[in-house]
Structures are given as structure tokens and as C-alpha cells.
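Based on the sequences and whatever the hints tell you, model everything.
Number of protein chains: 2
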Amino acid sequence: MPVDLSPPLKEELLPVHGVSLGIAKAGIKRPDRRDLLVIQLEEHAQIAGVFTQNRFCAAPVAVAKAHLSGPLPIRALVINTGNANAGTGQDGLDHAEATCAALAKLLDCQPQQILPFSTGVIMEPLPVDRIIEHLPVAVADLSPDNWFAAAHAIMTTDTVAKSVSRQVVVDGVAVTITGMAKGSGMIHPNMATMLGFIATDANISQILLRSLVKMVADCSFNCITVDGDTSTNDALILIATGQAGHAPISDADHPDFGRLRTVIMEIAVLLAQMIVRDGEGATKFITIKVEKGRTREECNKAAFAIAHSPLVKTAFFASDPNLGRILAAIGYAGIDDLDVAHVHLYLGDVLVAENGGRATSYREEDGQRIMRSSEITMRVVLNRGEAAATIWTCDLSYDYVKINAEYRS
Amino acid sequence: MPVDLSPPLKEELLPVHGVSLGIAKAGIKRPDRRDLLVIQLEEHAQIAGVFTQNRFCAAPVAVAKAHLSGPLPIRALVINTGNANAGTGQDGLDHAEATCAALAKLLDCQPQQILPFSTGVIMEPLPVDRIIEHLPVAVADLSPDNWFAAAHAIMTTDTVAKSVSRQVVVDGVAVTITGMAKGSGMIHPNMATMLGFIATDANISQILLRSLVKMVADCSFNCITVDGDTSTNDALILIATGQAGHAPISDADHPDFGRLRTVIMEIAVLLAQMIVRDGEGATKFITIKVEKGRTREECNKAAFAIAHSPLVKTAFFASDPNLGRILAAIGYAGIDDLDVAHVHLYLGDVLVAENGGRATSYREEDGQRIMRSSEITMRVVLNRGEAAATIWTCDLSYDYVKINAEYRS
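Chain order of the listed sequences is A and B.
Numbered according to numbering that gives the first Met the number 0, the first sequence spans residues 0 to 408.
Numbered according to numbering that gives the first Met the number 0, the second sequence spans residues 0 to 408.
Don't read these hints as lab results, they were simulated from the structure.
None of these values were measured; they are calculated from a predicted model.
Heads up, a few of these hints could be off.
Treat identical chains as interchangeable: a pair holds within one or across any two.
Taking lysine to aspartate or glutamate and the EDC-like style, the derived pairs with C-alpha atoms no more than 20 Å apart in a straight line are [what the hints assert, rightly or not]: (1) 28 - 319; (2) 64 - 338; (3) 64 - 336; (4) 64 - 96; (5) 64 - 335; (6) 213 - 363.
In C-alpha cells, the structure reads:
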């Protein structure tokens, strides 16, 4: 059961000029489910991406990175769910290339103009024949109005499709941004942590788009964790088709770029939070703010130590304010010269710990009250600098174990 | 249900000359359970220890470290379960000191000659009055034959008491070594990861004992993980009473020291493995060997990335050879220049992966056969150097969540 997360409404997802989406049921893992998606881009669309840093990165990640850094403009993306095509060696690379070649033929472009993406089980051979066989169905289905179906076609253990749209005025012109993402397990930052696709019809230069996608990932998908496992297939892709009709933006100081960036960032943060809300077995959505650290890096260390602790996560699942476990996690986060006597811990608005121990004002019933809510914010004040970091995570429940013990069977 | 772990037999636990143990029921967390232990050492006993590196280290850890580095010889240890006296600020330190002072008075020595240890819930005030009230009961109970009861008195969520004895001939004299440990959750290395006490009547110099305890910890308790949570209270203590009657050993090159060290190490490894076998909710005992790495550090990185992955651990719980999850964990272990095409993965004697993907000889039923066993050895061959590391861990089951969601209630 996702935490305070509803599926998107079809009519809320706005088409983006220059982006068409087509879906097919290729029977990749199971019969009769949408599992194949083609996204076609009109000419002159700019595209940038960030990818997993996992050394066992999937074959499609390797191919997508190569095509993205090549000289030809990207014309389409092909995404399958049900099989990650990761840990598949040379065969996997051949299958990813073959998929690109087949789609290129259908779209009358070069294979290097296609980016492939896969998500699903690792170390199983990709059923490339079934994918190629169903690509014409997906191409025949191409339409700008297919974001809703597309968001469903990229799901794996997700229980809710994740997609959101916004509009903003740039240069006097209404610009649309629509994004979608998938992910609920094997979620850990430092590479986009899932599949995410955000498209806008704004006109943004390639160089600016490249720096933007990194900034967006760092403040959204790199700030979430479900289980600390870094996927082999993570990717975040940002597309700007330029079809909205305003003059190209190539400078971050452009008067309207800040607003556009803010909205793109907002969409990315919303999608990232949706992934946590739909985290495998999640019953609580937890925001961890670490403040007054010396560097953002050490704030992140403390935040992720808390977020990754199975003991903290199970205590949240139980609504048990066993808050010493949070102090323990801060203590082993790797901030070598941390003076714990200066650390303050707040749960919601309740001061829990100060002077190296339980705050004298702290009452168990106050902790209990906060722990029972499904949305919890925790604030750790290190009191040794001016840096801060915020991350989002969820609890660890029986259902996480159940989902992951039963995933393949 | 612990994995292939039986409780010790009382008659197998050999007394160590110069060590007496006394137990009391102080009602620290629950009434009518053994929760207070005093270990008295005869004069001239040498003692050395390693402690948690958690910055939120418990009050007794701070006090024990101070007393251990002081000028006076240590004459006794006092250990309570049911309350960690961690995250308790100045009050916690006062309580630990008061406990030492009370015991010192009973044993006619200085408070600085007592080492305090606590284990249990974090951030609750230590019920120091009840402890001091029951110390006379524990002192009246002091006897060299109490190892069995003592091993029970230090348990928290442990389901099985952990203690083992060995004898070895040193300098023509029979020397006894008996150890005990507690721990089953909040288990992660890099500080002894639990409470462990190993005593011998061998005659070993203080300097040699100090280097020995570090070496022993590194090869035993620092090689295990249950949940990656580093406790605030971890300690491993090594005692040598010198009562066996042989000439003092102060040189690691002494002809019999190697044998003695081997047996002490064996006891430490057995105790460490017992902690994993009794890991919270454990149904599988998993040995992870990483071989042919460039450094032991990078072998450890890969081993612990696998051991900490909730996805790997739940797959083991389900006996599901979803082995791509292991490749993914190796991939994000932080070995930056790892060429995954050279990595070989074996499960038991079965080659699972090579050339960056599934081995052509691999059959699912072979993986399934190994996964069903309760003792599993996994071997990762990095093929880039000559270093190796071995660690021990367990799976992640419903019961881990249950135990830790319900621990305080």
C-alpha cells in the first residue's frame, strides 16, 4: 500500500509538443501486460541523461550512453519492463543493439539515434525476438496523448503509475513539462536510482540541458532511498523538444530559465517522492533533514545512515519511538570528529535528544504521537556548520521482505 | 530459530584459573531474569580490549576505556543486560561511575579498577539503583564455575547462549581459554560488534595482549554482519590471568604463542559465527569469500556490499537463486575500476557468472539446490590481484522485521 499516493488522472497528464508515445504488450515476463514503450522525438529535440554508476551496469545503459555521446541526434527511446538485460554480457549488448536497429528501421533513422532502456529481473536473457516482433505495434500506437498508458508500461513492482505535468510561461509562451518514473525497490541514489523521463517543449540548448539534468538528479532522485541497493539500470532522461515556440535558451541567466528550472525540479522531486511513497512494503513516508553540518556531504552521510538502518526502519514500521537507534546511526555515519553532545534530534516538532542524550523535556507520548502518522519529518541539527541536506525514505515492513522474497517466483 | 546452533553444555565450559563469575537478577528490564554479571579477576591478570567506534558510544564504553588506560590494574568487570546506558548524556556517565564505585566498595578496590559494560535498549535511563542493590547478590555468587550462567546473563535478543572452551599446551603446561559473547541484532563490524569476553589463564604480557585483541577482533567479530547497524556498546575483552603456571610470554615469536593465538582466534571466530547463526530472524548462515582482489579492503567492500543488500538477503531467505542481485551489489561496492567481465561468481561449487553475465554452464536447478541449504558459501573471484577476505552473514526474514518492530514493546 503506497503512502498517500494516488495514481495520476489521465486528463491531468499534458501532451508535450514533439513527443509521441506508443505502447505494446510484448509478453516479456508475463502475457497480456503493457511492457514495451516507444517514445518518438521530433527533429531538433535536445536530450540529456544521467545513468547508474553501478559497475555491473546493464547492457542498455552502456548502449544508451554510447548513442547519447555520439554525433547523431536522438530520435526515439525504447523501454521494456520485465527484464533488466543486466548481467547478460555480450549477448545483452547484442540484444540492446538489435532492438535499436529494429526500431530505427521502422522509424527510418540510424540505430545510433535510438536509446534503449530496460527494467526488471537481472541476469535473465532478454527475449529480444518478442520485443522486435511487437515494436511495429508500439510504433502504430504512437500518439502525444499516451503518457498515462506509458507510465503504466514502465512499471515493475510499482503499485501505482507515476507521472505528473506542469505548465509555466517562458518568454511569453506557455511551456509544458510532463514526467514519468518507475521504481520501488533497489532504490538508492548516486545515479538516478530508477527510470525517469521528463520532457518539455521548451527550447533549451544541449549544453544547458546537460548541466540541468545533473542538477535535477542531485536534488531529487539522488535524495531518495528505499533499501540502499543501487540498481544496474538507473537512468534519468531530460528531453526538450523546442516546439513551444519561444527563442532558444542557452544561458542559465535567462530571465525565465529560473522559473522553468524550478518547475522541472519540482516535477523531479515529486516523481522521486512518489517512488519512495510506493517503496516496496512502505507504510510511512519519512523526510530526513540534517542541518548545520560542515558540508553537504557529511549531512548526507548522517541522513543516509539513518535512512539505511534496518533498525530505524523497522522501528518506524512499528510506530515505536525507539529513537536511540537514530542516535546510533548518526554515531556510525562516519563523521569522525562529531561531538555528539552538540547534536539535537527533532521528531516532527518534538525535541528528542540534546547534550548526548534524551532531552529533559521529551515525553514518550509525544514521540509516539509523531510515530503513528504516515508522514514523518525528522530533523538532525549537528550544530557545527551551515550546510544542510534533505532526503526521503520509507520504513521496512513485512511486506518488503515478502515482495522481495517472492519477486521472481 | 538459530541456524545450526546449539546451546553450550554446562560441563563443556571450563573454568579459567583466576576468573570468578557471579550472577544476579536485578530486574533491569524484566523481573526474574539473570541480567547482572560480575567477573572478578585475581591480582596480576592482564586485560586488553577493543571498543565500538560509534560516536554515540555508550557511557560504560567511555568509562571502561578511561579505566583501562589508567594506571591501576583492573580487578573486575560488571555487565548488565536490558539497558544499554547509551544516548544518556552526563547522567549515563554518572550511573556507570556509580556502578563501578559500588562494586569497588564490595571488592575492596578502587572504582578505576572496575570496567562497566551495558547492553540493551538505547536512550533509556539506566536503573542504577536496582543494579547497585543487587551487586552484593552477584558478588556472593562469585565462582569459577559460572560461565554457563554468565553466558545467559548477558543475552538480549539472543535466543541461544554463546560460550566455548578450549585447552592448549603452552610451555609444557595445560592452558585453558573460555569465551562468551552476546549479540544478534545491531551487528556490524569495525568495532567489536557485540559484547565478547575471552579469558585464559595463560601468562601473556600486557603489550602482547593488546596487539592480540586487535588482531583477534579483525579476524572474527569484525568479519560479521547481521544488519549493518553498528552498536553503541560493542566491546571485545581479552583477559590473561597468568595462573596456568608457565613463564610469561611477552614476545610474539615465543614458540608456543602461535598455537595459543590460533586457539584464541578459533574461539573468537566461533563466537562471532554464533552471533550470525543466532542473527535476528536468521534462517541461513552465509559465508562470503571474495578472492583475487587488489587489496583486502576492496575484497571487504565487495563482501559487505553483498552482505548488507536487503535484496540479496531476502532472496536467500526465499531460497531463490535471484543471483543478479549479487552482481548488482558487487557493481555498487565502490571498486571504481572493476572490470566486471573478469568477475567469477560461485554459489557453493556452482559457477554462476562469468564474462559479465550468466555462465553458460549454469543451470537454475543447481543454484536452487545450493540456495535450499541452511549453510551457504558464496565465492566471488575478482581476478585482479592476490588479496582475499571472508565474512559471515545471515538472511533477512519476516522475523527480523517482527523482532525489531516489537523489541521494545
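| query | Can you name, in rising order, the numbers of the hints this structure does not satisfy? | reply | 6
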